[in-house]
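Engineer: Sequence:
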Amino acid sequence: MKVILLTDIKGVGKKDQVINASDGYARNYLFPKKLAVEANNENMLKLKAKQNGIEYKKNVEKEEAIKLANKLKEITLPIKVKAGENGKIFGGVTAKEISESLKAQYNIEIDKKKINLTETIKTLGSITVDIKLYEGVIGKLKVQILAE
Numbered sequence: 000m001k002v003i004l005l006t007d008i009k010g011v012g013k014k015d016q017v018i019n020a021s022d023g024y025a026r027n028y029l030f031p032k033k034l035a036v037e038a039n040n041e042n043m044l045k046l047k048a049k050q051n052g053i054e055y056k057k058n059v060e061k062e063e064a065i066k067l068a069n070k071l072k073e074i075t076l077p078i079k080v081k082a083g084e085n086g087k088i089f090g091g092v093t094a095k096e097i098s099e100s101l102k103a104q105y106n107i108e109i110d111k112k113k114i115n116l117t118e119t120i121k122t123l124g125s126i127t128v129d130i131k132l133y134e135g136v137i138g139k140l141k142v143q144i145l146a147e
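Numbered according to numbering that gives the first Met the number 0, the sequence shown spans residues 0 to 147.
The reader is advised that the hints may include incorrect statements.
DSS-like cross-link-like pairs, simulated, lysine-lysine; straight-line CA separation at most 27 Å [as the list claims (entries may be wrong)]:
hint, residue 1, residue 2
1, Lys-32, Lys-79
2, Lys-95, Lys-81
3, Lys-113, Lys-70
4, Lys-45, Lys-14
5, Lys-95, Lys-72
I should point out that these hints are in silico values taken from the structure, not numbers from a laboratory. Since this is a predicted model, take the numbers as computed values, not measurements.
Throw the hints in and build the complete structure from the sequences for me.
Structural biologist: Take a look at the structure:
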């Protein structure tokens, strides 16, 4: 009997997956515990509509991420810090500071965890930072570190 799983079941399958289950297993275990529904025409259409909705939402999110990546490419973000005579910064510029500056200056909100900094920035000058906006979409932001 073909059934559509409503939750992930270890050793059986993932949520929204159509599987073949024995009649007894489906009727005595999966259906009473609301773990699956029968894969009839009505339920298959609902599943297909749900998958189409998820696909559409992913496409919209990816398009927005691409637009944001293009916008970030044109921005040079100035960050003023205290520095010594030889161009060394006191402390360092972190992903959190970059995120906060972007929000304050350009009203673009990006989570600090998405900013890819291998280490804190400790020198004056210009650096290009990668920002993971979406799966497969990476934006490049130019950050200008200036002395106060």
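Engineer: Hints first: check each against the structure and report whether it holds.
Structural biologist: Tested hints:
Of the pairs offered as hints, the one joining Lys-32 and Lys-79 is violated, with about 60 Å between alpha carbons and a cut-off of 27 Å exceeded. As the CA atoms of Lys-95 and Lys-81 are separated by approximately 17 Å, the hinted pair is consistent with the 27 Å bound. A threshold of 27 Å between alpha carbons decides the hint, and for Lys-113 with Lys-70 the separation of about 16 Å falls inside it, so the pair holds. Taking the CA atoms of Lys-45 and Lys-14, the gap is near 14 Å; set against the 27 Å cutoff, the hint holds.
Simply put, Lys-95 and Lys-72 have alpha-carbon atoms about 19 Å apart, close enough for the 27 Å limit, and the pair holds.
Of the hints listed earlier, the one the structure fails to meet is number 1.
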